[in-house]
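*Asks:* In case you want the letters, here they are:
Protein chains: 4
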Amino acid sequence: MNETGRISVGIVGASGYGGVQLVRLLMEHPGVEIVYLGGDSSAGKPFSDLYPHLAHAVNLQIEPVDVEAIAKRCQVVFLSLPNGLAYQLAPTLLEKGCKVLDLSADYRFSNLETYKSWYGGSRCDKEVAATAVYGLPELYRERIKQAQLVGCPGCYPTASLLALSPLLKQGLIVPETAIIDAKSGTSGGGRQAKTHLLLAEADNSVAAYNVARHRHTPEIEAICSELAGHDVFVQFTPHLMPMVRGILSTVYATLRDPGLVREDLITIYSAFYRNAPWVKILPPGVYPQTKWACGTNLCYIGVEVDPRTARVIVMSAIDNLIKGQAGQAIQCLNLMMGWDETLGLPAISFYP
Amino acid sequence: MNETGRISVGIVGASGYGGVQLVRLLMEHPGVEIVYLGGDSSAGKPFSDLYPHLAHAVNLQIEPVDVEAIAKRCQVVFLSLPNGLAYQLAPTLLEKGCKVLDLSADYRFSNLETYKSWYGGSRCDKEVAATAVYGLPELYRERIKQAQLVGCPGCYPTASLLALSPLLKQGLIVPETAIIDAKSGTSGGGRQAKTHLLLAEADNSVAAYNVARHRHTPEIEAICSELAGHDVFVQFTPHLMPMVRGILSTVYATLRDPGLVREDLITIYSAFYRNAPWVKILPPGVYPQTKWACGTNLCYIGVEVDPRTARVIVMSAIDNLIKGQAGQAIQCLNLMMGWDETLGLPAISFYP
Amino acid sequence: MNETGRISVGIVGASGYGGVQLVRLLMEHPGVEIVYLGGDSSAGKPFSDLYPHLAHAVNLQIEPVDVEAIAKRCQVVFLSLPNGLAYQLAPTLLEKGCKVLDLSADYRFSNLETYKSWYGGSRCDKEVAATAVYGLPELYRERIKQAQLVGCPGCYPTASLLALSPLLKQGLIVPETAIIDAKSGTSGGGRQAKTHLLLAEADNSVAAYNVARHRHTPEIEAICSELAGHDVFVQFTPHLMPMVRGILSTVYATLRDPGLVREDLITIYSAFYRNAPWVKILPPGVYPQTKWACGTNLCYIGVEVDPRTARVIVMSAIDNLIKGQAGQAIQCLNLMMGWDETLGLPAISFYP
Amino acid sequence: MNETGRISVGIVGASGYGGVQLVRLLMEHPGVEIVYLGGDSSAGKPFSDLYPHLAHAVNLQIEPVDVEAIAKRCQVVFLSLPNGLAYQLAPTLLEKGCKVLDLSADYRFSNLETYKSWYGGSRCDKEVAATAVYGLPELYRERIKQAQLVGCPGCYPTASLLALSPLLKQGLIVPETAIIDAKSGTSGGGRQAKTHLLLAEADNSVAAYNVARHRHTPEIEAICSELAGHDVFVQFTPHLMPMVRGILSTVYATLRDPGLVREDLITIYSAFYRNAPWVKILPPGVYPQTKWACGTNLCYIGVEVDPRTARVIVMSAIDNLIKGQAGQAIQCLNLMMGWDETLGLPAISFYP
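First to last, the sequence lines map onto chains A, B, C and D.
Following the numbering used here, the numbering of the first sequence begins with 3 at its first residue and continues without gaps.
Following the numbering used here, the numbering of the second sequence begins with 3 at its first residue and continues without gaps.
Following the numbering used here, the numbering of the third sequence begins with 3 at its first residue and continues without gaps.
Following the numbering used here, the numbering of the fourth sequence begins with 3 at its first residue and continues without gaps.
Heads up, simulated SDA-like pairs for lysine to any residue below, C-alpha to C-alpha not over 20 Å straight-line:
| hint | chain 1 | residue 1 | chain 2 | residue 2 |
| --- | --- | --- | --- | --- |
| 1 | B | K196 | C | R193 |
| 2 | B | K196 | C | H198 |
| 3 | C | K196 | B | H198 |
| 4 | C | K128 | C | L96 |
| 5 | D | K196 | A | L52 |
| 6 | D | K196 | A | A195 |
| 7 | D | K128 | D | E97 |
| 8 | D | K147 | D | H31 |
| 9 | D | K171 | D | D233 |
| 10 | D | K196 | A | T197 |
| 11 | B | K47 | C | H198 |
| 12 | C | K98 | C | A73 |
| 13 | C | K74 | C | E97 |
| 14 | C | K171 | C | R264 |
| 15 | C | K98 | C | K128 |
| 16 | C | K98 | C | D127 |
| 17 | D | K196 | C | V288 |
| 18 | D | K128 | D | L96 |
| 19 | A | K47 | A | L62 |
| 20 | D | K47 | B | V288 |
| 21 | D | K196 | A | D51 |
| 22 | C | K196 | B | G191 |
| 23 | A | K196 | D | S50 |
| 24 | B | K196 | A | V288 |
| 25 | A | K196 | D | S44 |
| 26 | A | K196 | D | Q194 |
| 27 | A | K196 | B | V288 |
| 28 | C | K98 | C | T133 |
| 29 | B | K47 | D | P285 |
| 30 | B | K147 | B | L96 |
| 31 | D | K74 | D | R8 |
| 32 | D | K171 | D | F274 |
| 33 | B | K128 | B | T116 |
| 34 | A | K196 | D | G192 |
| 35 | D | K98 | D | V37 |
Covered by chain B, according to a simulated footprint, are these stretches of chain C (three or more residues, beta-carbon under 8 Å):
| hint | region |
| --- | --- |
| 36 | 198 to 206 |
| 37 | 232 to 246 |
Quick caveat, the hints were computed from the structure, so don't treat them as lab data.
The structure displayed is predicted, hence computed values, not measured ones.
Positions of the beta carbon are idealized from the N, C-alpha and C atoms, including for glycine.
Let's have the full structure, built from the sequences with the hints guiding it.
*Replies:* Shown next as structure tokens:
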């Protein structure tokens, strides 16, 4: 703890959208103080050169990434880097006693073979990786509380797993029938300039991408398999939406018991998430809009049953950069520190 | 034929988006001349009061809807009205010898009981309705050529059926597994002012609506059942997108033969649509963007197979107001008149 | 003060965008408790029927507008109604001892003749109106502290006056040369369904409206005239932008002293707003983006000088629904209550 | 002329937005045939790799830029390249007998010193540059007809000059009072990936850029000075809009004769543009929306007078990529070839 009675926190990879979300949220978090912002290409620049609107609130410079120095100054480190970098930094940070929250894919897989087959690279941090907990508090709250290393879920898996978990856990669906049709704003693609994410290209258009081969698939499947008790393949199709933030996952699955009605399922979902302050189950006939969740750490879930087809349709909406990324990491930090799970996180969106 | 050697055409319901599309497209169609624009609340106004940008091109007034007068002046009549009105006008127009193209749901159902259970109303035009042909040229080209009355498909059914038809017709999928996750721009909701279609509400947000009960479901199912040879229920979920025009249908289904690969299906689709000038099958790994189709009568189709799940994923993109509405009606007119199917219809979008 | 030690607050006109902003902001304000939400057409409905995403946070019903009952329950009343209604409610509320903050145009004019010539109606509340203070804290902080009735500025005047005031107050420009080219998101038009505010109409398009006759003109001119010390006409042109929130005012004026450079003016602006926590003057060469201000009560101001033309160009960006409406009203409340001007108001936007 | 009786046309720089517009428009132009597409980084690729939606319509490869080969195959060459490249190609092409239309800034300036001071570079093509005609047909129709080399105007100058020209030419305004507040879609920034043009950055935001120093300023001033008969500085401020296409120029100027009313000016504008088929003067009280012009070569102009300030406000709307770029170049080509000025160019937008 530092002089202010707050935990000292560092962010490696502060220049991207994940980084700026963390900065923004942690600025208003009563339990922490940001003492370090790290980056590579932007090292040496004031943070406000990258985000001028924050000049009045953030008076920090981007510093080079020096693990020893970071460990000395920070009790907690958020790694917000491209895939494949965190596992080169985390082991040392952990050894020096830091708590580490990684926002990349590096520590999301208990099976490193799965990681390597989808992301490539060689991993010699097997033992460290084995200590990592998957940072989805609604499923792994107790483990996160004990963790020193948390691998925070991707944005798509968060939305999708919150929609699917009660069904799988309770054995209500035929797992193999699960289809996830996900829609994301373009900020999920990051701040790197890419042609297909230009406003001129992406506005007023909708398309699927990485059909049947998006890297979030194995992450979703690993957790689904654990919940189902056997290996499950799910169909996952991401789509790019002409909007900045937000993910909607529309999930389809065949009910084992075709007699279940919508209200039954809403009761089951409400019970499943009774102690989950960031999940809101909507009343019958109300379906979530991504905008409702934007600027908050909430996940809104709507449930429908089609008696004609014996399918359940679950829709979940989150802010991809908050509950889908930085906010969830902070929710995990709250648990790791023994704080209230909601501490310092926004719960009401600005609407419209 | 009028003095110009062109067919005289009238549009009833010219003030809405369907109407203005028809006007815009027919203005550039070499075979027709618009001689009548009809409307109710806007009767008496110059058309350019409603659409000032067309003042230089359209010098017509909206006139009251008088069936006798319309029939006298028009060889062909487009009905672009809310559901439930066309069937009060069409019988007389047909009797007087007009060809009629209805853009509402009134003449899309061979089974009027289905119509009444989804749309209400009482129908005493059973015999007339029995002569109506479903205006999807890619499936019913020959019948349309002979028709005097065409019930033009809805926007969602057009995109969805063009994606599903080859699979059902060839018996490649288990029909009951078909799931259609459709995404539409807000212009599909029409020009009537509705709160949820305000830019302030609909922009930067995505949500499903009418889940498991959208009125386009029975229309899709009727054709699917015909193609499959037995009654089929399909799962259809429409979503509102933060964009003006365009529909993307993402269709999922389980393959009967899990050995089929993507290239097989692309070959099958290409063959199925060999003589369909408005359907373009994309090469392997290319998925359609709605923007590609905007401002054209095209339907772009991309096909993917997921060997892990034995599912086919088909994505189809159209302009909801052209191939999904006015353009398709004109494509039908071309067939009814014995003209080339592509006559007067735009085939290249403006991009970006 | 109520049992919680908080001030009891009511909102009349809670169903619109002004209302929902007030609700959202006041929910997180530590000094107040919302005890009453009033509305006309929506009376009797739970507030969450109108805004389902707030169901978890707001458990209040819309009640009919009964002035006596409101005065009994509320120490402070926000009036968020169409123009012409507040002056029928405010006198009684004031008489009963309430503090009143009006978000409409009714109490923005010290000269009621100006009000009547632009807004119509007859006013018999002349004495009450004479006590109203114009709720722009950056100019009238001390008067607002003493006020019982505040007429909160319009969104355009807020952005425009914050940009112009230092120039006029210091006599730096020729007042008659002032031109305000303002750009607003569509939420400024309210939640009432209007055709031209539909996403299908307003998206991907830009246009001016009410050129040379927008009702915010006299409001801007009244304050400008006061600052200049003589009557001033300004050119004010509002434009509708294809976006939800935000106003950018680009202000042009001819400098009296063509030798002034950008840095001089930035110094002058910084001094002028030294004690204004909600105004941020940007460094040389940085121009405000509306998105920076969205979700906050901030006004960002950028200043440029064109030595070739001897003009100053000032750009100011605000969130039209916060600093341009509800946030500013709460800023005024803070002053009226003797609280810190920043209490309970958001200062950091979510970006992107 | 080639075998088809059409003029053979080449496009150098076909991969960008200017290039794809030219391709799209020239595909439907009855007088030309595209025989060559040239590019640098994309040489060797099929054009449809860059724009897959055009695969069915364009069967051409991008070829390396070899001036000799181009001149041999093409009668007309469009240069759609970054500034500073055209003047290295044009002299040879002209010498070999090609007609050349340059879409960059290279040949827009009769005074090369102005060019060099704003764009840099050294120019040794003074004699060639002296033969270039500024490609704004509404002002220089006759000269364009005779030209072999046309320097096509920028998008901002086109919108701005069409709005200002009648006022300057007729001496109706004090030229020094002219202020141009211009709003552009992001496609004006090209297809190169740049962070500030990402949808995540540019959507739902508005900002000015290059205030008092945008490179289109000298181009506007050169023509204004010619029209006014003496050197004129104009205030020009570009703004980035959250939309794909379109420019709106809002132009302010002080009338010499304050007695002029709106209707007078509309009459003057209508007369000025009597023979300009691509300019449409709107009736009193109607202001142009950019969307009206999108997908067309039209410029819509609305005129307002504010008698209180003695200013005229003129609003002009164009599609920045058509009338502001590729369409205008083709309009020039039509004149150079002795064809009708409207040949092959779209005149009706798709709305909404």
